[in-house]
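Engineer: Chain by chain, the residues run as shown.
Protein chains: 2
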Amino acid sequence: MKKLYVTGIGPGGMDDCTMRADRALAESETVVGYTAYLDLVRGRFPDKEYISTPMGGELARVRKALVSAASGRTTCLICSGDAGVYGMAGPALFMADKYPDVSVEVIPGVTAATGAAAVLGAPLMNDFCVISLSDDLTPWEVIEKRLRAAAAGDFVIALYNPRSRRRPRTLACAVKILKDAGVPEETPCGLAGRIGREGAWSRLTTLEELADDEQIDMFTTVVIGNSRTRVKDGRLITARGYGGEEDGG
Amino acid sequence: MKKLYVTGIGPGGMDDCTMRADRALAESETVVGYTAYLDLVRGRFPDKEYISTPMGGELARVRKALVSAASGRTTCLICSGDAGVYGMAGPALFMADKYPDVSVEVIPGVTAATGAAAVLGAPLMNDFCVISLSDDLTPWEVIEKRLRAAAAGDFVIALYNPRSRRRPRTLACAVKILKDAGVPEETPCGLAGRIGREGAWSRLTTLEELADDEQIDMFTTVVIGNSRTRVKDGRLITARGYGGEEDGG
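Sequences listed follow chains A and B, in order.
My numbering puts the first sequence at residues 1 to 249.
My numbering puts the second sequence at residues 1 to 249.
Warning: the hint list may mix true and false statements.
It does not matter which identical chain is used: a pair holds within one copy or between any two.
Derived pair list, reagent style BS3-like, types lysine-lysine, alpha-carbon separation capped at 30 Å [said to hold, decoys possible]: (1) K64 / K179; (2) K179 / K145; (3) K2 / K232; (4) K48 / K179; (5) K98 / K232; (6) K232 / K64.
None of these hints come from the bench; they were simulated from the model.
Source: prediction; values computed, not measured.
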């Protein structure tokens, strides 16, 4: 059976790549992905065929990977983070029936939410949700509904794609929705950008000041605490519920 | 500076462990964790000191790891999945101020939600939330509120700790709450148990039939689709929003 692996290499460089994903890359003859991520892999595996496609061309990228695998070359389609979280796994599986002799295997990776959480402390110690603020593929009304629901459920929230040049106001809109839904202005929040890469940065802020942070871009992960999130010694931590001093109580 | 690493080794065996976590284990003299997870690490690193603590003794485990690190032995505190998702990272950071010469570093891992998603297909391609049904540490009313909010937001839902011997009814209660909140009975769902280990299993079901599945236990991850989740060729896939046939449209 011809093989297509679909995997995320983690939020940063190859360090947060799993051993299973690394083995899939080692086994593959061809690696397909967005240019910036291919460069991270090339350092470790210089002797592969690399097929690079520009940002935004997701479906074309998936098709190229399936065509490569169908030609008999074991192929690995990569993205950052986890391929199953806003990634290439869905389109690859939806499109796979046109390539019946290709077996598609999805390999899980570290998604940006948990990568950012580790950099910031331990904000995802309790129930949380992950919401993308990009309205390229999801209508803004649906995003609004989800933000209100997240506030109603007192979830910790990890925001992906919080802001871009084309959408400079999305984060400010999201903050307003959360405040209107009753999330206190002083709620501790954390930002992590370029996790695990050159120029990595992170800082703590509050819901009140979040939208004013000018460094936030589409590669930043924003974590908004819930009612049990605290800042301790510069780390953002959500109490798990053990109670007592040892759990931030 | 004395060092304590806190890391998850992924949902399964060492295969889904990241290279960064693997390096932290290699560097450590002492590894602390729940017995079953230590056994997974021991195969790869036989010559460490292993400090094993029983299930449920989370705070004692964290204290032992901090004491070990404070004694000058580089120590790695491990759990399954990601240490920052219902894991040891929070207590370790909350308790670290009693051990001021220990530097605590959290290393992210693959959490069960994304591990299960990869086994099942690609159900987390759009906004999702992660909810634990264990009311050991979270009051059941809070869990209920979050389930209702998740339904209102049309989130894909990953449930952790769906059922245990002490809580045989929690999953059935959760399903009822979701149905009462308007989630259709025919909503596709997926189950994944013992991911990446001996005896791994997974299957698709529907919200209607979910609670009748007798194999579900506290180590099972349950994924409940949203309005855009489909079953195709035996895989659970949520449309990303590209539209058209290539996205399940």
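Engineer: Against each hint, give a clear statement of whether it holds in the structure.
Structural biologist: Here is what the structure says about each hint:
Taking the closest pair of Cα atoms, K64 and K179 never come within 30 Å of each other, the shortest separation being 44 Å inside a single copy and 41 Å across copies. For the homomeric pair K179 and K145, the shortest alpha-carbon distances inside one copy (14 Å) and between copies (19 Å) are both at most 30 Å. Proximity of K2 and K232 under a CA criterion of 30 Å is satisfied inter-copy only: 20 Å between copies versus 51 Å inside one chain copy. Neither within a single protomer nor between protomers do K48 and K179 lie at most 30 Å apart by alpha-carbon distance, with minima of 50 Å and 50 Å respectively.
For a Cα distance limit of 30 Å, the shortest separation of K98 from K232 across copies, 13 Å, qualifies, whereas the shortest one inside one copy, 53 Å, does not. With identical chains, the CA atoms of K232 and K64 are at most 30 Å apart between copies only, with a shortest distance of 21 Å across copies and 48 Å within one.
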